[in-house]
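Novice: The chain contents come next:
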Amino acid sequence: MAVITDVVCPFCGCLCDDLEITVEGNEIKGAKNACAISRSKFMSHGENRIRTPTVKGKEVSLEKAVEAAAKALASAKRPIVYGLSSTECDAIARCVELAEITGGVVDNTASVCHGPTILALQQVGESKTSLGEVKNRADLVIFWGSNPPAAHIRHFVRYSVTPRGLYVPEGRKGRYVVHVDVRETPTSRVADQFIKVDHGGDFELLLALRAAVRGAKITEDISGVPAEEINALAKRMKEAKMGIVFFGLGLTQSDGRHMNIDVAVGLVAELNHHTKFVLTPMRGHYNVAGANTVTTWQTGYPYAVDFARGYPRYNPGEYTAVDMLAKGEPDAAIIVASDPAATFPANSAKHLARIPTITLDQKVTPTTMLSDVVIPVATAGIEVEGTAYRMDGFSLRLSKVVEPHGGVKSDREVLDMIIERVKALKEDA
Amino acid sequence: MFVEKITVILISGRTSQQGVGLEVGKTSEEYFESVTYIELSTGDAGSLGVGDGDQVKVETAHGSVVVSAKLSDKLEPGTSFFPYGIWANQVFGSETGGTGMPHFKGIEAEISPSSAGVPSLADLVATLKGGS
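Taken in order, these protein sequences are the chains called A and B. Quick note on numbering: the numbering used here labels position 138 of the first sequence as 138, and the sequence is numbered without any gaps. For any residue, its number in the numbering used here is found by taking its place in the second sequence, counting from 1, and adding 1000.
Bound conformation, chain B alone (with noise of 0.2 angstroms):
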């Protein structure tokens, strides 16, 4: 009855728990809570039979990342946002059109339930150390 996989559109941004988890420090609980969560339309994560607090994988043509599933009924359905941070950055690709800046928002994404668990800071550092 559920659907394995939506796909939706994604935009990144500031929040203010983002602003005041960073200033506690990068590797604090409170930064950690406040950015490993994507944000999705409750009429999406129904389809998907996902709840507040489950986790998802996010999947885009430039990676994927596992997080929490927040749900917001000021969504509509076929948007997330997900707010900045070194999770949401596994999933945004660097060409920027000659620029200079990325397309943090506007991307294609497709989000699915998981149980791979949500990496912690270290596992991401040590990701971008071993990148090929």
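With the rest of the complex left out, here is chain A (with noise of 0.2 angstroms):
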């Protein structure tokens, strides 16, 4: 029996680098620190694995699946990589290689969580902070449209509400805490004040608040919220010594989208004439951060690019996954550590039983379901050592600790080889 320590968690954004993971032989027996979603990851790691690669639903070699993958993809004249955001930073790297060879697209799942947030930072720039300045600094926590409790469960104590911090030694005590929403969901009860906002209001509310923080009165109810509370937050976060805005997809995936963001911004940058205040993205995958890092190191652009005429361009919109796939435009798709026939709305996820689908992954899902190709990987994380980007623009190193489910190759070796097999099919024709 060995315990790990300090293994970072591969499931959110948090990226939790406290957990203590008991290994007995080649089976993980306890994940301590670990959250319910982050035990599951772990202790249900070999469950529903799929066992062997498979072309059209045979069993096949490995190397049979990633020939087919790789003439399916070579031969393509519009394929699509997409996913990248639950895998290691140098797997990302082969993806965006991979669509450089083959002249297509590279889009991973920032283009249907935090996409938006990223259209606005490119216009209106970011200020940002670590998750360490949050815990030892902040005295005034707003969740916009997020929900901890959800999607990031240990946010709370590890970072923003509970820990006692440098500069905030009561903890829990030295923080106001407020939850801006459009209905009441555990953070709200967590939170000093719930705040309703009207469905599609959240732009409004942010514009008033900013107008408030410029020294305007507000005299009317916006969006559902009274004059009094508006006028009563812009006091507060301008007295704050330091503020943070926590905001998730109740921003970015109502109506508005990129334009509630911009206006945050703008917000936040209105109330550094008073105080110190950042906001920060909830990042959901654990690696979506890095998905976007890598991505613009690589191309310049952190998602939606397209290679078809040699070099990197970049328009959301056009060259995001769901757009493609609604407008029927790819004839290849390589999915890796994504399940878009899930997350995508039915009208774009059918386009992938109609071309060649590949796809790498360690559980049968419906994008496996319906993939011609499908290849079994290890867990990055789990089985893999790699890199992971936190919510914050943070790296850190993932642990591999147990040896993969049944000897299968990770992400970035599957990636190489088909890699090499692309090239020289394309050298041949």
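Watch out, some of these pointers could steer you wrong.
Stated by the list, open to error - Here are a few chain B residues that face chain A, going by a calculated C-beta distance under 10 angstroms:
| no. | residue |
| --- | --- |
| 1 | Gly-1021 |
| 2 | Val-1066 |
| 3 | Gly-1085 |
| 4 | Glu-1110 |
| 5 | Ser-1112 |
Said to hold, decoys possible - Below, computed lysine-lysine pairings styled on DSS-like, alpha-carbon distance capped at 27 angstroms:
| no. | chain 1 | residue 1 | chain 2 | residue 2 |
| --- | --- | --- | --- | --- |
| 6 | B | Lys-1057 | A | Lys-173 |
| 7 | A | Lys-64 | A | Lys-77 |
| 8 | A | Lys-238 | A | Lys-77 |
| 9 | A | Lys-128 | A | Lys-238 |
| 10 | B | Lys-1129 | A | Lys-327 |
| 11 | A | Lys-135 | A | Lys-241 |
| 12 | B | Lys-1074 | B | Lys-1129 |
| 13 | B | Lys-1129 | A | Lys-58 |
| 14 | A | Lys-173 | A | Lys-241 |
| 15 | A | Lys-71 | B | Lys-1129 |
| 16 | B | Lys-1129 | A | Lys-56 |
| 17 | A | Lys-400 | A | Lys-56 |
| 18 | B | Lys-1129 | A | Lys-196 |
| 19 | A | Lys-196 | B | Lys-1074 |
| 20 | B | Lys-1070 | A | Lys-196 |
| 21 | B | Lys-1129 | A | Lys-77 |
| 22 | A | Lys-71 | A | Lys-56 |
| 23 | B | Lys-1057 | B | Lys-1074 |
| 24 | B | Lys-1070 | A | Lys-64 |
| 25 | A | Lys-327 | A | Lys-32 |
Note that these hints are calculated values from the structure, not bench results. Predicted model only: the values in this text are computed from it and were never measured. Backbone N, C-alpha and C define an ideal beta-carbon position, used for all residues, glycine too.
Since each chain sits alone in its own frame, please combine them into the complex, following the hints.
Specialist: So this is what it looks like as structure tokens:
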């Protein structure tokens, strides 16, 4: 029995780095400090695994599956590489390379989570900080359209609400917590104040807050929020020693999308005339920030990148996976560490069933169920080492705690095999 | 005395149970249980005569699906919550307004009682395969 300490959890953008994983033989026996989802990931990582590579449902060798994948990708005119956010950075780099050598598109799951955030930050910039600074300094914490108990379970205790920090020695008592949302959730019950905003009303409320911070007196209710509540929150924001807005998909997936973030950044910028104020997107997949970072350092752009002309072009709305599939544009797809058949609207997902789709994953998913080629791979952060980026942009090293289930290869190794064969097929052609 | 259907604003999102379930595996019972329901306010469920666990049809301009009703006294009437998953994605559209992001929160949906049965994962994958 061995206990491996300081293990980084490969589930959400919190990348909690204090897990203690107990291993006996090649089996995980315990996951101390893990949240419910993390425990499920570690303890169930061997369940429901894809046993063998398949081509059109028939079991084949890895080499034959790689050959089938390479042929489909090498002969495609408009291939798309999608997913990336639940694997490690070296595998992500291979995904970008694969898009480049096939003249295809590479997109990651940011396009259906914080893609609108990126669009806004590219326009208006960002005031950011580390989660450590939040723990040590933040005395006003605002969760806007986010619900950590559902998606980032230990965020409250590790970073934002209860921890005792250098300048917040009282911990929870030293922080005022606000929750803004269209519905009451477990976050509202933890917060000191819950502000219920009307559906689609975030933009106006953020704009009103900004006006109030600038000195305007709000005299009417905005988006269902009483004027006095808006004026009081603006005052509280200005008087904070350090404030932070942790915003979620409540802003990016509702009316306004990137414009909601644009105005949130404007509010935070305004507040910096009075005090220290920052904002951080609650990134979902544990390495979606890494997918954006790697894709940016390799192509100049964070997602929705097209190599059709041999050089990278960027255009969300055109080269994003949901749009391309809805238009029936791709003639082949390779999905890495993602399940778009379940996570995309059915109108987009169904195109994956019409074209040669290749999927690299650990477990059976709707996407593997409709794929022509399925290749089982090892779990990054449990069976393979690698690097991942936390929601605040810090990179952490993922651990390998057990050998890969059934001796399967990593995403990176399988992608290397596919890239080698695609290059050879392209040269032959 | 009950109404045939109601109109709500539908939002989809994460839940911790959905996270736990998907890590067991998307073919698992845990996952199925975590994503095949819609949360209705007790007031809305009362208007429809729907009890906790009864089946309801969720229909939008983009599609429809049958799932179980889960009653919530925290939700306000007129708002419903659908956990992310392939069931929810039967009713969300692929239009992104040039942003890449579908409208996953804040669309209108009609809810009505149903006895058609909740489709299985395999049923929905078969629909995607046969989709025109």
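Novice: The structure should be examined with respect to each hint, and the outcome stated for every one.
Specialist: Here's how the hints hold up against the structure:
1. Gly-1021: 8 angstroms, holds
2. Val-1066: 14 angstroms, violated
3. Gly-1085: Hint holds; B:Gly-1085 Cβ to chain A Cβ min 6 angstroms, cut 10 angstroms.
4. Glu-1110: Violated. Min distance 16 angstroms.
5. Ser-1112: 20 angstroms, violated
6. B:Lys-1057 with A:Lys-173: Cα-Cα ~45 angstroms, so violated.
7. A:Lys-64 with A:Lys-77: Holds: A:Lys-64 and A:Lys-77 sit about 22 angstroms apart, inside 27 angstroms.
8. A:Lys-238 with A:Lys-77: Roughly 55 angstroms between the alpha carbons, so the hint for A:Lys-238 and A:Lys-77 is violated.
9. A:Lys-128 with A:Lys-238: 18 angstroms, holds
10. B:Lys-1129 with A:Lys-327: Given that 27 angstroms is the threshold and the Cα spacing comes to 17 angstroms, the pair holds.
11. A:Lys-135 with A:Lys-241: 13 angstroms, holds
12. B:Lys-1074 with B:Lys-1129: 38 angstroms, violated
13. B:Lys-1129 with A:Lys-58: Roughly 18 angstroms separates the two Cα atoms, so the pair holds.
14. A:Lys-173 with A:Lys-241: 15 angstroms, holds
15. A:Lys-71 with B:Lys-1129: 22 angstroms, holds
16. B:Lys-1129 with A:Lys-56: Judged against 27 angstroms, a Cα distance of about 13 angstroms means the pair holds.
17. A:Lys-400 with A:Lys-56: Violated - the C-alpha atoms of A:Lys-56 and A:Lys-400 are around 32 angstroms apart, more than 27 angstroms.
18. B:Lys-1129 with A:Lys-196: Answer violated: B:Lys-1129 to A:Lys-196 is near 41 angstroms, above 27 angstroms.
19. A:Lys-196 with B:Lys-1074: 12 angstroms, holds
20. B:Lys-1070 with A:Lys-196: Distance of about 22 angstroms is within 27 angstroms: holds.
21. B:Lys-1129 with A:Lys-77: 22 angstroms, holds
22. A:Lys-71 with A:Lys-56: 14 angstroms, holds
23. B:Lys-1057 with B:Lys-1074: 22 angstroms, holds
24. B:Lys-1070 with A:Lys-64: Status violated; Cα separation ~47 angstroms.
25. A:Lys-327 with A:Lys-32: 46 angstroms, violated
This entry does not satisfy hints 2, 4, 5, 6, 8, 12, 17, 18, 24, 25, going by the numbered hints stated previously.
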